[in-house]
Structure formats: structure tokens, C-alpha cells
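Trainee: Here's the letter readout for the chains.
4 protein chains.
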Amino acid sequence: MAQTARIAILGASGYTGAELVRLIATHPGMTVTALTADRRAGEGMGAVFPHLRHLELPVLTRIEEVDPDQVDLYFCALPHATSQEVIKTLPRDKKIVDLSADFRLRDPDVYAEWYGRAHSAMDLQAEAVYGLTEFYRDEVRTARLVAGTGCNAATGNFAVLPLLVADVIDPDEIIINLAGSVSGAGRSAKEGMLHSEVSEGYHAYNVAKHRHLAEFAQEFSKVVGRPVEPTFVPHLLPQNRGILATVYVRGQAEAIHNALTDAYVDEPFLHVLPLGEAPATRHVRGSNYCHVGVVPDRRPDRAIVFAALDNLTKGSSGQALQNANLMLGFPETMGLTMAPLFP
Amino acid sequence: MAQTARIAILGASGYTGAELVRLIATHPGMTVTALTADRRAGEGMGAVFPHLRHLELPVLTRIEEVDPDQVDLYFCALPHATSQEVIKTLPRDKKIVDLSADFRLRDPDVYAEWYGRAHSAMDLQAEAVYGLTEFYRDEVRTARLVAGTGCNAATGNFAVLPLLVADVIDPDEIIINLAGSVSGAGRSAKEGMLHSEVSEGYHAYNVAKHRHLAEFAQEFSKVVGRPVEPTFVPHLLPQNRGILATVYVRGQAEAIHNALTDAYVDEPFLHVLPLGEAPATRHVRGSNYCHVGVVPDRRPDRAIVFAALDNLTKGSSGQALQNANLMLGFPETMGLTMAPLFP
Amino acid sequence: MAQTARIAILGASGYTGAELVRLIATHPGMTVTALTADRRAGEGMGAVFPHLRHLELPVLTRIEEVDPDQVDLYFCALPHATSQEVIKTLPRDKKIVDLSADFRLRDPDVYAEWYGRAHSAMDLQAEAVYGLTEFYRDEVRTARLVAGTGCNAATGNFAVLPLLVADVIDPDEIIINLAGSVSGAGRSAKEGMLHSEVSEGYHAYNVAKHRHLAEFAQEFSKVVGRPVEPTFVPHLLPQNRGILATVYVRGQAEAIHNALTDAYVDEPFLHVLPLGEAPATRHVRGSNYCHVGVVPDRRPDRAIVFAALDNLTKGSSGQALQNANLMLGFPETMGLTMAPLFP
Amino acid sequence: MAQTARIAILGASGYTGAELVRLIATHPGMTVTALTADRRAGEGMGAVFPHLRHLELPVLTRIEEVDPDQVDLYFCALPHATSQEVIKTLPRDKKIVDLSADFRLRDPDVYAEWYGRAHSAMDLQAEAVYGLTEFYRDEVRTARLVAGTGCNAATGNFAVLPLLVADVIDPDEIIINLAGSVSGAGRSAKEGMLHSEVSEGYHAYNVAKHRHLAEFAQEFSKVVGRPVEPTFVPHLLPQNRGILATVYVRGQAEAIHNALTDAYVDEPFLHVLPLGEAPATRHVRGSNYCHVGVVPDRRPDRAIVFAALDNLTKGSSGQALQNANLMLGFPETMGLTMAPLFP
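First to last, the protein sequences are chains Z, U, X and S.
Counting with the working numbering, you get residues 4 to 346 for the letters of the first sequence.
Counting with the working numbering, you get residues 4 to 346 for the letters of the second sequence.
Counting with the working numbering, you get residues 4 to 346 for the letters of the third sequence.
Counting with the working numbering, you get residues 4 to 346 for the letters of the fourth sequence.
Don't read these hints as lab results, they were simulated from the structure.
Yeah, the Cβ is synthetic: ideal placement off N, Cα and C, and Gly gets one too.
Do not rely on the hints blindly, as some may be mistaken.
To be verified - Calculated from the model, a selection of chain U residues having no Cβ within reach of chain S, i.e. all distances over 12 Å:
| id | residue |
| --- | --- |
| 1 | 34 |
| 2 | 45 |
| 3 | 109 |
| 4 | 122 |
| 5 | 221 |
| 6 | 261 |
Said to hold, decoys possible - Lysine-lysine pairs mimicking DSSO-like chemistry, simulated, CA-CA at most 30 Å apart:
| id | chain 1 | residue 1 | chain 2 | residue 2 |
| --- | --- | --- | --- | --- |
| 7 | U | 193 | S | 212 |
| 8 | U | 212 | S | 193 |
| 9 | X | 225 | Z | 212 |
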């Protein structure tokens, strides 16, 4: 095992930054040596996130004030577009886990189509590994730069990828109906995320045009070996954490269940429920676990596949820490085995 | 217009009973002359539902204490199976709107399959009209017994039926993903409906085997002229009121949007959003309005159709009152035009 | 009764503006002829508030575009400080109900102390009537300008004022512990009002320094005839609507209960619960009703007095409409008797 | 440090039992050897609490099936009254932490008054230590039987006890206004705890007669040396976890703040905020931390003292584990330093 690794978190005033601090607080092999937040520089983390006030943490600084000599690994929890600009400036010998969308899409044209601008760091993109740990474990282990997946993309991929690998569903008939939580939208003040708008307010958004659709297409196509794109409709739940993907597929439920069970039998964080059971967001909240379930449809040769995870943990900061563990030579599950918080 | 109609509500201690009282309280043509609740008989409605304490209402009684001579129309808000037993005992010259599941399914074998017992009042079933007002208006007007629809069934049917009538979608490729609220489960104490279980707890339930699926199959098949059954997966939201159906269909979005617009152009309670917009439960809460939307999928010849309504109002008690208005000769919208409560 | 009154709502893009539209939509004596919202001018109300999309309403305009000849009464739902600037410019022969804080405090020094600036329209302040209808009914009836009360102030005053009038409590020993809901903070995007911050997040704010404390002091002192100020601590609930004031007083519970019962016996919107019962916010939601309760403490000569109301209705827009009814010669309760929405 | 301690949890199908399992799952010195739940005997813990499905745990059994030779310490998470009957039957050489109300009140008459029956195990009561760790640490360390405090009692005591010890407030003028969460009511199905009743439903309950008042009186009187009883009014929040006590006291805010700071300076789980700041439940959720704050009132010689904690953790199961650590010779904070979960 490595010695204590020194960690810098760039963009620590958002929810994913705070979640990283929460997780690392009890990680036996890491210590936070730098926290940045340009607009809150000079403040203590406890002022920005009072739930962390019991921790001894470095004061928030500006990014340029971080001394790279005190850092073994950077977590970048910055907005997309900003992230690529910042990562370009970091020393090339430092490990980086990026939580933004900037390095997820391998094809620059696809990136430009979905994010509305040309990528400014294509050389970095070329070396980035897509951070869906369970499917890219070996690449992550040796990577210098890992791109955290979209939280919705992770959820859907956990439900679907093993089925494409095992060839037990029709790749052209995949419908991903997904419901996510408000923390996925971050901490910036937006009218649509006010309690009075969200509570009792369930609705779909970015229907058939959410950017994480590009990640589904990329990963599905890679497995199938030709362009494949699902239907994808995300909804906003009146809750803080949790994503549930409800995926409608064509195939035999039992074969589907077997494919998932086989794929995840040795995975510490992926749990496949007995055939016929469906998972719930409340049973993974605050944890790095993902629950997967399969229920046969009444109609033959159709099934519904579910995946539930916590968007801030397994869908984002927990995944990032899992990847960092691999990159730094720690056991993959270190600091990530806390049980979900229920109720 | 009729004179003031005298109303009895059987089963007034549940949420649909209370919702009927709420609506009738400001209905200019109705007065409540009897309220029953066997276990709460002798109590005032304000003790059972303090939000109604400002109203002058009859004391709760047992069903057998209701004097039929003081009743022009009965609303039956009793549990299914109980409802058919009670309605059998009511005078045959009284109008009845039933809110239970007992008279929704026209085929006794289908009823027995889904509800696990033979129907005990098939003669009444034979005369019952399915209470989806917008599609059975003429029958409702002359009916003696109207069967209120399932709240989920109403929501999905508003999204789908006009598309089958207009023949703009493939009837064999309909997937109804639906999310509903806790008030739909009624007021009886169940572990799964506790705040601590529901809050932050989104999940699917009765996957591909919810009883309202039988109503979809019945109504879809009737329009298409042959057996048709969709895939149907309901989910439970951490909110009190509201259902959103997200329906995945095969067809041209524009043709679908036109079919819905044409079907509902003169409907007072059905509003079709501009093509590309999706509705939200918060925008219909506490009202009898239903918002319908259509968004094209990225994939050709596919679309997503949405319908949002309040399960206790348009999905249940508001629908019941709308039907009662027709049966009693009142204007259909009387007492039902209050705007939604937001936030 | 007056003919149909023509209503302008200035500041219609906020929650109190939308609540006015909701209420007036079914008011038989009023019609909305103008709606303003500077930043949304040119848009339809249904675009800003989709729950009102079924209504035929004037397009949103800028304030200066409103034709006073088409207006009998203005509701001003503008931010404080802005409100006084706008009302100064309105014709002096028009009736106005202001929902801001600008005309609530009669003493200009007190206004300056709590709002941090000198008042710019003291002549208007001089004619303004404090809009706590139940205590200022006669003045409201003949007023040209009525100042809506703070929603918290209304709640606490309903619990306390009759006790000071009847001299059954010690005026120097009043502690008002209050819990309010997020809609009271309005629709502007603030980090502290995000769902992810509010949900599961109960806390006190503006402890012992909330501006509505000045209204308590003003009204209590007026009744008692000397300066009186309570302790006042507001808290933020994870819910959309509703305020509950829990008031700790010194006095005999029975005398207190009698004083409240006597004061409110003829009031259409104030309901005093039986001695020993405490009200709940869910039982007044969406309505103009206020529930008041008294429970004796275990310690002699102490009691707890509760008042619950909906901050957007009885605490703000419903109160405003109640006052407007009086000013325009309509029955005081017209358009305001809808039952609360529960659940 | 002791070897691995073998733990039995009696009453594992309730929320406090599940919370114990959650905490012990990552405790390096404990292992769960027995879990009981009479009505669920034979089932796996993952069936009762799916959020714990990733853990290897003993199957649920009946209490009499537990082998005492495999147990070093029992946690009793049984209903009150049941708990004393069960603990009577346990071997006298085993350590026990009871989470019920059965051994909290030292005076049998007070117990009988508040719980409506005579105590049946007064000899055990005589040896029980009141488990408010920060105030009974030495007694806990050597105790055989520790009585977990009421969650509300713990919260209020953390705010008040140091002030009585330091003699900086008037003991006869203490008003404890408290707001708690639904998980405090346990997992049994009750109408009043349904999501549809709780959400948007804030209200007071057991006003001035909640059983935890007896604990306040006991502890306050012990410190002051004569009978002292506060006013205590609990309220129910629409949230799952968290208690905030808002305590109105007579004394100088600065002296109060100093007394709390001095009392808690070396406490690992008690954090006193800077003078003038108030805590929030969201900042302690899921953790064993308690945040305490003091704000001066506008009126001289009065102040408001706040304490916030998680009722299931610091208020119940976390406190129990903290006590068990002491009883077993583990470091007091072992397994309890996870950061709060926010948002």
C-alpha cells in the first residue's frame, strides 16, 4: 500500500467537492492538503459547509495558490469547460481525477455537438480513461487522468452494459427512463431547484436531449461494435439524493438476470437483487453501492431492468475516490464501505 | 339546471371522501346530506379531517343509517370488494358514482383474474359506465351507475387513447412509465407509506402487474378492435399528490401532437402543451386539469407522450364530481374550475 | 354589491402575485385587466406560471404600460423599497392594496431602523391602514391604501392580540417561536432556498432580529398603551406553505381560550380549537382560514397559544383579497371560502 | 484495546436497531453475532432493511434463541415495557445498553406517573446509569447496564445542563421548544406518520406532556439541587432525521456561550458555534455530532440556546455505541467519526 497520499480538491465549494471531503475524512490513506474555491477563497470549509466544521482542513484558496509539490492527486470538481482549462495548467506528472464532463467523450465532434464548443485540450482527452470503474478497472489503474462519468450515465450503464456484452438484449430497443435528484444540479442558485418548485413537482426535463445520452451512445456502441443509441428521458424527483434508472429492454428476463449476476458476482459495490425484485433509492443513499434488479414484463421477450445509486457517491465522488484508490495503489474499496443511511 | 342535489358520501373517512367534501363545499348545486364511515360513526368530519372543520356537515354515520329519501346521488368511496356489496343494497332508482375498482372491468373473467375473486354483482356491472368522462360523456349523462377509473389508468388513457383513435401510433409498442404519489395509497396505515420510508425513497412497485394495467388493456383493445396490452410500470414518488405518465410510443411526434390537440380542443379540463414541452405534477395540483405534452425522440418515428394530473382530483374525486354533474344535469365544469395550488 | 371590479396586479411574476391570480380566477366580482412583471414583460402568465395556463389573462407588461382608466384597484406585489417608489406614481384616486413591507410601520424612525433607509413616501404612509382585517376592519373599509401585514406578523398577532385586549396575559412575557415555509422567501433563486439545502434542514434564522418583530412591537404596544416587545425566533421548515406560531405566555389557559373564542366568534376565517388542542399547518393549506389553539402548561399560570395559517393565502394574498373585498364593497368572504387542500 | 467484542442486537427490525447495524458495520472492534426480531425471525436482515443487504449478518432469530456465550454486550432496541421484561432474563454478567425508556427514570413513582404502570425490575433500575455520555462518562465506563436517553431529552440537555452547572441561567425560566423528525416515532405503521399526513403538516404534539419532560426534570433537578421543571413543547417536522431544540433562557448570552464552550472544549462530538450563530439539522444528519449555538435576545438578560443532533445517531444508536465503547474499553469515538451526510 502507498503511504498517505496528499490530495487537492479543486472546486471544493460545490456538492461533489464537499462529498469528496466527507469521504476522505475517514479514508485511512489520504489527507487533504489543498482545497480551492475561487469565490470563497480565504474562508474555512466549515463556513461554506457547516456539516464539515468538525474537521481540520486547509483554508480555501484560489487554484493558482496550490503548491503542486504538496499534491499527489488532484480531484477536479469544477464546472465543465472550466475544468479543461485548469487541467491544462497542472503539472504533467500529477494524477488527476476529473469530475466534470470535459473528458468523457472520446470523439471531439461528439463533444462539440453536445457541449456547443470545440474541446481545447484534445491531447489530454486522448489520454483520459472513462471512469466507470467496473468496466475500465485495468485502464484506470495505470491512468494519469481519469474522467468521472455522468451520474445518470453511470446508473444506466450499470443496468445495460453487461446485457450488451452478453448479447442478451436487442441493442436497438433500449429505453432508459430515469429519475434523479436535486443534488445532481449542484449548489448554484437556480429557480427550478428551489424547494417550492421541486417539492410536489415531478417532471421530465431535457427530454431525449440530455447530454448524458452521448455517454450512453459512446459506451453502448463500443460494446456492440456499431452505432447504437437508446431513448433516454430523465426526470427530476423531489428528493436530495438518488437516481433510479428504469430500463425497458427486449430479451429474456432470466438470461438478463444471469448476465448481470455473472458480470457483478465479484464486484464489491454492485448488488444484483433476486429476479423479480426492484431496487429503491433510499437503500443506497449516502453509499457507494449500486442495486440492480430485473423484472420480467407480462409480454414475452421483454423485461424491465433497474439500477439505483446515490448520484453524489457512486455516481460521482464515491466513484472518483474508487478510481483514485486504484490509481494510488490502495485497495479499491478503501474508505468506501460505509453502509447507506436509512431512513 | 337541476335544483340543489342531495349528496351522500359513503366512505367519507378516506382521502377520496374528504376530497369530495372539499370540492362539494363550494359547489353551488350540491349539498351533502349524509356522510358515512363505519369505524368513525358518531364523530364529526372535523374530527377526522380537521381541514374541513369550518364546514357545517352531517355527523358521520353507519351506511345503514342513511335515509335514501334524503339522497339524490351516492358517491361510494369504499374499498373495492366492499363497494359491490354495499351498492347491491342501495335503491335501484338512485344515481351512484363509485370510486372503487369494482365496476371498471367489463369482463368478469378479467375482473376475477386481477382481483382474485368472482364479482358478486354482475348485473350492476352490466349497467355500469366507465367514468372516463372525456371518452364516455354521452353514456355518463344517462347512466345510473358510473365506475370511476383508476387514477393511473385515467392518466395513461388521456395520453394514449386519442392516438389509438387517430391511428397514429403502433398499438403493440406502448410503454407506460408512470410515477404516482402517496395519497393514491389511501389513508390506512402501512409501513411502506410512512414518511421515513417514502421520503428520498423513489422506487417501482407492482412492476408489470399493477391492476390498472387491466384498464389499459380494456380501453386500448376496445379502440383498436383486438387485444392490445401495453407495458406498464408504476413508481412511487416522495410527494402527496400528482401522477405523471411518461409514455414511449412509435409514431410521428407531429401527428401525435395533432391527434391530441384535435381530441381535446373543446375539452375544458384537458390542456395540450406546445409540441416539445413536458408537463409537471406541480402545475395541476389540487385541480381538475390534466396537462398533456409530446416530445419527439431523437430516433425517427418515436415520441414520448406525457400526461400529468392530480390523482385525488382529476384522477378520482374531481372526475367523480364531473360525472355527477352530467348525471344530474348540471354544467359539467360546475364546482371544478378552481386553479391548481402552486407552490 | 359593486359591479365587476377591474384589477391590476403589479409584480405578477412572484408567488404572491400568482396566488392573487389563483384566487381572483374564481372570484365572481373581479376581473384581472393588467398584470405586470418588468423582466418578463411580453410573456404570457402561463409561461411564467404554467399552473395558470388554463386562464385567459392579459399579457405581462411593464408597470408604465398599465392604463389607469382600466383599473379600479391595484394589488402591489413588488419588493419592498420598490413598492413605495411605484405607488407614489399611481393616480391618487385609485384604491391600492400593497403586499410589501413598505407601509406597515407607522413610525418613520422604526421603519428606518429595520429597513436601513429613510422612507420616501411618508405622506402615503400616513394614510395607509395596517391590513390585519380582523382588527382594522372599519378602517380598511374606507381606506384608499392598505398595507398587507407580514405573514409571520399576521400569524403571531392572531394568537396574541386578543389576549392583550382582554388583558389575560403578561405583556412583558411573550415568546413567539415560529416556523414558516419556503414560499415565504419568494421565487428568487437563493442558495439557502434550494431543495437540497432546505429538505431535512430545519433551522432558525434572523434570530431575535427578524423585521416582522417590528410589527409585533407596533401592534402589541398600541393595544397595551406602552412599549411592549416580545421575543421572536423564526425557523425555516422543509415545506412549501404554512406558518405555525407557538407562543409561550403567562396567564390562565382557560381565560386565554375564552378571550380568543370571544374575539373570533363571528370571524369567518378564524377558528379556535377546543381547549387543549393544537393546530397543524396541513389543515389550512391553500385556504384563507387560520386555526388557533390553547394548551395549558404543566406549570401554573402559563400556557401555550398556537396559530396556524397559509403564508401565501391568509398571510398574504388571501388577506389582500379580503381587504380588497371590503374596499370595493363586496362581501368580505367573496372568493375566499375554498376549503384547505389536504393532503 | 479489547479484542473484537461480540454484539447482540435485540429488536433489530426497528430503526434504532438498523442504525446500530449501520454503525457497527464499519466499527473495527465489534462484530454482530446475534440479531433478534420476533415477528421477522428466520428472515435475513437484508429482507427487512434492504440498505444493509451488502453486509454478512446473522439471520434474525427470536430472543430466546440467542446464545449468551456468544455475546459480550447486548443492545436492547425493544419497545419500552418489553425491554425490562427481557433484560430481567439476561445473564447478570453481561453488559447491556438499553435504548428504551425503561431505565431512564431513577424514581419509581415518576416512572409510574409517566409510563402508566409500576416498574417490574427496580433492582436493575437501581444499577442503571443514565447514558448521557458527556455528563456520566465515568459511571458509564464501569456500568453493566446503561439506559439510553430519550432523543429529545439528549438534545435539550446538551443545550441546558452546562448552564445550570455554571449557574448562568435562571432554572425556573427555561422553555424548551423542540422540533423532531419522523424516524423518532419508529417504523410501526401509524396514520399520523404517513407521508401524506406529515409532509407540509408541521404541528406540535404532546404539548407540555411529552414523557421526555420527566428526563429534563430529573436531570435539571439533580444539577440544581431542588425540583426544577421546564416548559417543553415538541413539534413534528416533515423530515426523516434531526432534532433542533430552541431553548429560551434568562441570562447573559456571553456568559452562556462561555459556559457551553468551557463544558464542551474537549468533547469530540459537541461543537459550540460562534456566539450569534444557530445550528441546523442538515449539518449533523447521519452523524454523532451535536451542534450547539447561542444568540442573544434583543431584550436584556435573555438568550436563545440551540442544540441540533440526529435523533437516530447522537440521540439514540450513536449514543448507545459511544457508551458501549466506554464499557468495552474501546476508544470512545471508535466507529463514530463519520462526517454528516449533506445534502
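Trainee: Checked against the structure, which of the hints given earlier come out wrong?
Mentor: Of the numbered hints given earlier, the structure breaks just one, which is hint 9.
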